[in-house]
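Fit chain B to the given chain A structure using the hints.
Number of protein chains: 2
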Amino acid sequence: MKKVSVLLLLLSFLINVPLLRADEGMWTFDNPPLKQWKERYKFEPSAEWLEKMRLACVRINDGGSASFVSPDGLMITNHHVALGQITKLSTPERDLVKNGFYARSQAEELPTKDMEANVLVSYENVTDRVQGAVKKGATDKQAAEQRKAAIAAIEKESTDKTGLRSDVISLYSGGEYWLYRFKKYTDIRLVFAPEEQIAFFGGDYDNFTFPRYNLDVSFLRVYEDGKPAKTPNYFKWSETGPNDLDFVIAAGNPGSTARLLTVAQLAYQRDTGNLLQKKVWELRRDILENYAKLGSEQARQASNGIRSFNNSLKRLYGQQEGLMNPRMFAKKEKEEKDLKAALAKKPELMRQYAPAWTNIKAAYAQLPAMAKRLAFSTLAPSRLATIASGIVRYGDEIGKPNDQRYDEFRDARLPGLKANLLSTAPIYPAMEEAALTAWLKEGVKTLGPNDPFIRAAIGDAEVDEVVKRAVNETALKDVAARKALLDGGKAAVDASVDPMVTLARRVEPVIRQLRAWNEDKIQSVETRNGELIAKARFAVYGRTIPPDANFNLRITYGRVKGYDEDTTLVPFETTYYGLFDRAASFAEKPPFDLPERWRGAASKLDLTTPFNFVYSADTIGGMSGSPIINRNAEFVGINFDSNVQKLSNRYWYIEEEEGSRAVGVHSAGILEALRKLYGAGDLAKELTGK
Amino acid sequence: MKKVSVLLLLLSFLINVPLLRADEGMWTFDNPPLKQWKERYKFEPSAEWLEKMRLACVRINDGGSASFVSPDGLMITNHHVALGQITKLSTPERDLVKNGFYARSQAEELPTKDMEANVLVSYENVTDRVQGAVKKGATDKQAAEQRKAAIAAIEKESTDKTGLRSDVISLYSGGEYWLYRFKKYTDIRLVFAPEEQIAFFGGDYDNFTFPRYNLDVSFLRVYEDGKPAKTPNYFKWSETGPNDLDFVIAAGNPGSTARLLTVAQLAYQRDTGNLLQKKVWELRRDILENYAKLGSEQARQASNGIRSFNNSLKRLYGQQEGLMNPRMFAKKEKEEKDLKAALAKKPELMRQYAPAWTNIKAAYAQLPAMAKRLAFSTLAPSRLATIASGIVRYGDEIGKPNDQRYDEFRDARLPGLKANLLSTAPIYPAMEEAALTAWLKEGVKTLGPNDPFIRAAIGDAEVDEVVKRAVNETALKDVAARKALLDGGKAAVDASVDPMVTLARRVEPVIRQLRAWNEDKIQSVETRNGELIAKARFAVYGRTIPPDANFNLRITYGRVKGYDEDTTLVPFETTYYGLFDRAASFAEKPPFDLPERWRGAASKLDLTTPFNFVYSADTIGGMSGSPIINRNAEFVGINFDSNVQKLSNRYWYIEEEEGSRAVGVHSAGILEALRKLYGAGDLAKELTGK
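Sequence order for the protein chains is A and B.
So the numbering used here is basically just the index in the first sequence, starting at one, shifted up by 29.
So the numbering used here is basically just the index in the second sequence, starting at one, shifted up by 29.
Extracted from the complex, chain A is given alone in its bound form (with noise of 0.2 Å):
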């Protein structure tokens, strides 16, 4: 054989990389996509423009994103980001999911009840650190340890030293390793919601819909030392917003992706993972529907669990569609099938990297037989057994050195924890002992009576009686016990006889027990080999493939762009017109109807002002509640859903032509509404000083 010398076999590996596609990619800070946005859109932002951009992200640990729309701590995010907590600000009497609300003084501001919002001031890249703690020759499971200990360490120092939420995060499937540092706001105070029903017109028809009709916003005041916080990095309001096909960027915190599985976690996904996870959705979502049909009090209480259900199934059922296309899923055999073939050019490479793929899959088929267990061996259909369980937990954690401890029990981690555990959000015991006692009714059926998760949790008992006992007797739902059981420690814990602490209690160890198999048997094998993987495409690739999102900040782009569909045009906007049109056209039977003050006030509001719009960035459940920014830093909308086209990209990117789109609230729908009908005029000023 020839000598090649190392100039060529590289470019010979340059040559692999794969073709960059248009508007692809959730991107970290440390790594924006700078040559994408040259050579596509003639933008070059300088790293303050960065930093300033970053500095006025929002993450919103309910599970969104947000941004500062004013220096004063004003901060914009979808209503369905915030419908938790006003949920739970809201009560029979003052229902403000139903009518909304606007503080007419910050003096009028409500305060959330347990909202936490982090803004990434700093991050670093340790991931020497924490893959140099692996020992040689260790196994997966004592690699697993070693690292563990290394984060928990590196968390701790830079909480010690900067007093910031300090958290070690892993990208590209443990290929890296980052400290992130927050700082944090808990005083966060609701400023204006829009009715639900026309922040989410159309329910859950017009969800993952577009054109679409949503006024899906709401705005907070991040507070300090009962003061509203000075916020000098936040975007300036666009009265117009965005134009057909201007460039945008859209930066949030994508939950979950999972585009760089390997072939064989993907099969496990669609053949075992994603069957089970709609079982045990449906399942809840039925468990509240069936409540919710009790009376309109029911239904006020379960109507957010059904609808973040039901989005998360439509999505479901979108992604694993995806799945099912066999097209779509040969792309992903193809790119796992290159990606050897490149590494076979370089056998020293092909002998480092290539059982990484054998092992996953030797670890993944021990997943099928366990899978029932580790979905059903668990109390979370209930709050209050949530709480239970997360009261013993940290009994027997506590006690542990803090890098042996659960990832959730680490120092830097407790003060959110606890706030959780001690949130005084409102508890419905009816709802409570509905779900517990249909969750494990099915668990029984599923498991079987002798399982070990049902012999502890029920015994010889019924299911109902041990359920109604639990709900009906615990101390729980005061907020003053918990903290007592917290305080007292693990002695408090097992000295309790609180019949739901004591269920909690009788079933930990056979969760502690599938968690362990499941953290040494996949994650481990996951995390080990994912690392020689990552390894193997930086190799081969560079860092040219974004890192899978895991509720982290990142920035996306694209352009505000209409697409074809069945023939005809689907425009880049929608007005006020539509909405209009959408409602008589379904003679305003629910979900089309409007709320009473948008009921013929059609005449109230300039009908050609643009109300939804639709762009190319590559979003993903998480990033609700983005802002949407032009290349002036201006914000032009706030993103709060994908089209249809776009469901299965948790796999995979879909190309712009396909007709996948982010969908986002206008800049100028939302002054136009809250100028006109709401009579926030206010709200208005301090967004755009008129």
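There may be inaccurate statements among the hints.
Note that the list lumps identical chains together, so a pair holds whenever it fits in one copy or between two copies.
What the hints assert, rightly or not - No more than 25 Å apart at the CA atoms, straight line, and that leaves these computed lysine-lysine pairs for BS3-like:
1) K81 <-> K265
2) K618 <-> K590
3) K705 <-> K633
4) K447 <-> K256
In case anyone wonders, no lab produced these hints; they're calculated from the structure.
Quick look at chain B alone, frame taken from chain A:
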């Protein structure tokens, strides 16, 4: 084998009745779907009800349907059905296509150039006489001649006796023959037409689309003896239009379906016929588009033709997509297999009918080799050349006995034919020249320079020079010159040195030869064996399957109803709000621009007024302009299109559940525009009495 009684055999056949599918079928008035109406809609019309309905329905021989909506000859059809006539009435100075038209008094009503309207006044079954004319032992060709002679005789007898237009039409692929007698109107005057841009808002993009916003209507009046005709059978106008889920009937003249074709015939369409048709239509469309680019006047001249080809092409693409769908095609194969299997249970039926499929398949095997010659050996793209060919053919045919002529030259049909050849509609020589030149050049490419048609058309000359001379020097632009040739008969035609006439004369023998080949080798086989298959179907299923459409009057029915699309809902109707939304959301860029009268006119209208709507009837092209009536025989809307889900319904019925819908303009929407935007209060009053 056990002996089986006739009754049992009969029962076993009845079991084979195919599932009665919801709302399927374009039914003849002699066999309306009374059973389905009663069972599904509790609708049981009297014979008088049906007769009055039939007499209020009109066929427009330009290719569409219409109906009477006042006792004084007032007729409504689609704008696009009348568009050919409106174009012929337009000049560069007075562009009725662009600006619309409204006659404020009967004196202002504009006589169309060559429109013919027919009302089906009576019909009678002549199957025995036609089929009985075929002598035992006749070859396919002889059989065709004998049937033709019988048909000619029946038509002539009827015309002589009644003075009515009398056509014998074939149904069920020749399984039945019916004599249809029509009252004929040729003095038809334009009363109202909106601007094309509102009639066809969204252009080719929104064609076959819903939601939709088209005022696709025009009003004309039929005259007799210079006075408005009395039309006592007309539809009363419904001011409210249809409600969601209302039962409705649409009666009109569906152009052509191919649902009874054999698998061999369908496979030919899929593999050869449709591809060639596509090529021809795209070529003719492209020729016109290139011509239209020369200037606005050229664009005006070509626009109706372009639109018509685009419409046909969009439908053809959908049809071909359907045929290419293996699941759909397999259904047709199964249908044929099931019918044969049912026949197989009765050996005598099998013996009699089974060869029919084989015979058709054998005939079709010869088609692909001839298909290009059949498609390209014509001068059809030029109107002048078409007139010349008509005159040449007339000279040859008129000297033959009535029953030996081509169908379209039989006595009963001569008046319509002559009216067409002598139409005063404008001719645009430059467009004629462009079209014929490009067409013949493509003919040379496709058929080769030695093809008989090409040789006859251009010999050794250049296409450009032959066409230039023919178009520029022909006298046929003058109607009097045409009349002289027609009156002079064959002698005059043979003596003519008009270069367009001599061109037509040169190619005529080739065209006749190809037509003879097609009639002898294909059509006569199809008819003979189609009749056998029809009889086989009658034997197995009775008359439960309606005959294929052939531009004669049919009744269809269904329900006004929205549908699911892409996980959301499409409403059953749109409103004027939606029109302004779609225009604004495309910034009124063509084809989403509004005509002057409509721009900024939203405030003049009640925007909640329904505009277009969908219903589940089984319709197809040719039913454009069909009245949509409710169970009280009130006019609730006018059919003008189908949605994209329905595009392949030429070959099979598409279930309501798959979202296939017909699209209509709403009667209330029409009134709103007439009264509030067009100042056409008098017209509205004639419709409603108010």
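Of all the hints numbered above, which does this structure not satisfy? Sort the numbers upward.
No numbers; nothing is violated.
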